[in-house]
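Asker: For reference, the chains in residue letters:
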Amino acid sequence: MTYVTVKYLMVFSQITRKRKELIPISEGMTLQDLMDILYVKYGRRFKKAFGEDLGHRSALITINSKVKETPYILNPGDEILISHIVGGG
Amino acid sequence: MTFDYGGYAGKTLRIDLTKGKIIKETQSKPKLEKYLGGRGVDAKILFDELKPNINPLHSDNVLCISTGPITGLLGPTTGRINVATKSPLTDIYGNSNAGSDWGPELKYAGYDNIIIKGRAPKPVYLCIDDEHVELKDAAHLWGEGVFETTLTLQEEQRGYDTKVAAIGPAAENGVLFCSIIFNLWDAAGRTGTGTVMASKNLKAITVSGSGELRVADPERYLEIVRDGWLGVLNDPGFLMGEHQALGTPICVNWGNAQGWLPTRNFRESTFEGADSISGEEFRDKYSTRSSPIPGGRACMSCPNRCKRFGRIESGKYAGTRGSIEFEGIAAFGSKCGVSDLEAVFHAYTLSNDYGMDCVSCGNAIATFMELVEEGVLEDIDKLGLRFGNADAMVEMVHRIANKQDKLGALGALGAYKAALKIGKNAVDYTTSVKGIDTIACDPRVAKGFGFTYAISSRGSDHLRTHVVFEMIRMPPEIGKELFGSEGACDLMSYDGKVRMVLWHENLAAITDSIGSCRFMHASYYAQYPVPELLGKLRNKKEVNSIKYHDWISAATGMKIDYKKLLEIGNRIVNIERALNTRFGMRRKDDRLPKKFSKPIPKGPGKGQRFPKKQLEKMLDEYYTSREWDLKTGLIKKSELIKLDMKDVLDDLDKKKLVR
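Listed in order, the protein sequences are those of chains A and B.
Under our numbering, the first residue of the first sequence carries the number 1, and numbering increases by one thereafter.
Under our numbering, the first residue of the second sequence carries the number 1, and numbering increases by one thereafter.
Keep in mind that the hints are not guaranteed to be accurate.
SDA-like cross-link-like pairs, simulated, lysine to any residue; straight-line CA separation at most 25 angstroms [said to hold, decoys possible]: (1) A:K7 x B:K31; (2) B:K602 x A:E79; (3) A:K47 x B:G535; (4) A:K66 x B:M492; (5) A:K18 x B:K31; (6) A:K20 x B:G241; (7) B:K31 x B:F583.
The hints are simulated quantities; they were obtained by calculation from the structure and are not laboratory data.
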């Protein structure tokens, strides 16, 4: 079995009640497939937090520190970060 | 008698501590029309009343504390207070700003601002209880921490209804970067305003107010404020809960992911221990039901609730309780290479109780750690001062506050003055601009932030502009429309950044002068015209926004449109420039530390730097837009005439300080 690491920042860690987890992947699995698994696992609140209607402030998903589109095929050991976009501190 | 303009309380309190005299003056209408209040009025008072060459700790230094016309009114964030003086840390214009509800209370007591001069013969505190204002003995408070001082004074007066601004023992000891802390938790942290207050033997200012404020056009005012509230509540950043989630510590993991989290005194910009000192970690471990304010706290009339509180229940630092901010976490955490959040939280709380600026304190320690590692400074007090040593970091906080032993006394000077004293090439390891050290964002990655550090009137600092615009993936069309380049929306691009900085700088001057919060115009971008531009892009029919010009107009009765608003912002930037010109600041001082011309070694910012040549190019564009002399950085006569600043022009002209 191979895995990717998913890290949850900000409200995502609140909703999932975890800051990171290992998710098993199968060959050819895409980022979209992974997101579909997470949407089911964590429910409506999790999906809503992505804020698709928030335009530039919608959630950001990076893989190994780079923004990837959903057709991206996952590789074992990939680190996926799910975060909002912030700047004010 | 009510003051002609709405919004204002209408009176200034003038305190001469040497003579023990208290005078109540009516506000100057022309000054308010030109500078509004807060930061703008404070800078003008300093220009008019401060002898430029005095030692900042001399009794003749002037300490100004001011609210603005919307402070204490209904509206999205109306709780800010401004403090200004000649800084003992930088020897130029010193200024800081805090939240809380102290400012509103001052206005309810009937005063817009306080001007403090002289030195009391013995420790006193200023007690303001509506019309009754007096200086009281503070012998029993001298030497006490900020928390004890605040709670004692509240107990002696009207309990929580009395709001307290206090300094701590570090200020009394002459540490150069001390804060004034408002009502326990909110610091006017930077540039050493608390040190100046201590030099005047003034331990605290208590305020209890029961009066009311009026606005010029109540009906219009409610419409404008409603529009502003909806502007904030519908802002995409607010909707996704930027600050409500974790407070400002939300930036730790995010800054690390973006590659701008200062690490080991800016050697790097990503920290392997970021998650251990993150806002998420603080929430999960310390922001418990037993923390002082478990749900977090907002300042006066703020929907944002960005203050986070916690408590350490067990272990070495058990009993530590208080608030925490991103800047403090970075200062004692990643900058010092410390990944122990309990040590960081403890150091931060200590720093607040001693009354020190956490940024300057943490930066001094981080600089010393690097100097010791590089062999430039000897660990003379045998503390094991190395990056990552949490015990040494905490011990240094105590030592600096008490100026204990050699390193403590050195640290009390702040990183830059300490480096000058150390000699050799120690200054090359500091991150200071105009004598103050850099906040928690690596300017080699965030170019707009970097340019801001170079030109900021109080030295290396982001809050003169707060150009978060470049960090939040704004649609490029907005960058093009507002600042002439899509690059303005790209963190690591230089394109459009000068215009972006200029706009933010003018607007930030307004925010600080009216008594509102930076997060409303930069973070959430609820300020006109950004929501309108975003709405247009998304074909939205109804758009709400904060319109400072309408807000100030409805509150005061002045007639201010958007163009005039930016002109006032520009005037405030120029009065600060004029003040700094008299303190000897020129183009050569608008610079970035040598450290930032070296490339970042790893992480998302790998290879990024801020070359001197690039900075000079940007300065040319900036000075040209500001109508400042390209060679010297002095303001041009034509600009001062255009901004109706003839009195300032006449003064500078006499001293040959204009072009």
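Asker: For every hint, state whether the structure bears it out.
Answerer: Checked hints:
Distance check on the hinted pair: A:K7 and B:K31 sit about 53 angstroms apart at the alpha-carbon level, beyond 25 angstroms; violated. For the hint pairing B:K602 with A:E79, the CA-to-CA distance comes to about 17 angstroms; that is within 25 angstroms, so the pair holds. Annotation: proposed proximity of A:K47 to B:G535 holds, straight-line Cα distance about 24 angstroms (limit 25 angstroms). A threshold of 25 angstroms between alpha carbons decides the hint, and for A:K66 with B:M492 the separation of about 15 angstroms falls inside it, so the pair holds.
Only pairs whose Cα atoms come within 25 angstroms are accepted, and A:K18 paired with B:K31 is rejected, the gap being roughly 54 angstroms. With a C-alpha separation of about 20 angstroms, the suggested pair A:K20 and B:G241 falls inside the 25 angstroms cut-off, and the hint holds. For the given pair, B:K31 sits about 22 angstroms from B:F583 by alpha-carbon distance, which is consistent with the 25 angstroms threshold.
Comparing the model with each numbered hint stated earlier shows that hints 1, 5 do not hold.
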